[in-house]
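Participant: Sequence:
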Amino acid sequence: MAAKLRKGDKVIVLTGKDKGKTGSITSVDPKSGKAIVDGINISIRATRQSQESQGGRIPKAMPIDLSNLAIVDAKGKATRVGFKMDGDKKVRFAKTTGDVIDA
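Per this note's numbering: the sequence shown ends with 203, consecutive numbering throughout.
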């Protein structure tokens, strides 16, 4: 199955404590259906000091479910993603505007 949300996509959070915030996807785990978005779903992790790192309370972006994310269209609104054939190539498009997301 083709991925509707990919690394580098600009997304908006639909539900949860970060509802309405936007960010860019840094990584996607299709097996668990989760993605890591920079600046979203931040958790404080306590780490020990080592020779390389200082340690202490370090903020870390935790995975968020793909169903709670929607891609942002050209107008800055949340939209669903559809697929269509552009010549002989399958492309993603925004359902609200019909614009192709990746050319």
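Note that these hints are calculated values from the structure, not bench results. Treat the hints with care, as some may be off.
What the hints assert, rightly or not - Here are the in silico distance ranges between beta carbons for each label pair:
{"#": "1", "residue 1": "120", "residue 2": "174", "range": "30 to 40 Å"}
{"#": "2", "residue 1": "129", "residue 2": "195", "range": "16 to 26 Å"}
{"#": "3", "residue 1": "174", "residue 2": "152", "range": "40 to 50 Å"}
{"#": "4", "residue 1": "160", "residue 2": "115", "range": "35 to 45 Å"}
The structure presented is a predicted model; accordingly, all values stated were derived computationally and were not measured. Idealized CB from N, CA, C, for every residue including glycine.
Participant: If a hint holds in the structure, say so; if it does not, say that too.
Facilitator: Hints, one by one, checked against the model:
Between residue 120 and residue 174 the Cβ separation comes to about 19 Å, which falls outside the hinted range of 30 to 40 Å. At about 24 Å, the beta-carbon gap between residue 129 and residue 195 stays in the expected band of 16 to 26 Å. The hinted window of 40 to 50 Å between residue 174 and residue 152 holds, with their beta carbons roughly 42 Å apart. Between residue 160 and residue 115 the beta carbon distance is about 21 Å. The supplied range of 35 to 45 Å is therefore violated.
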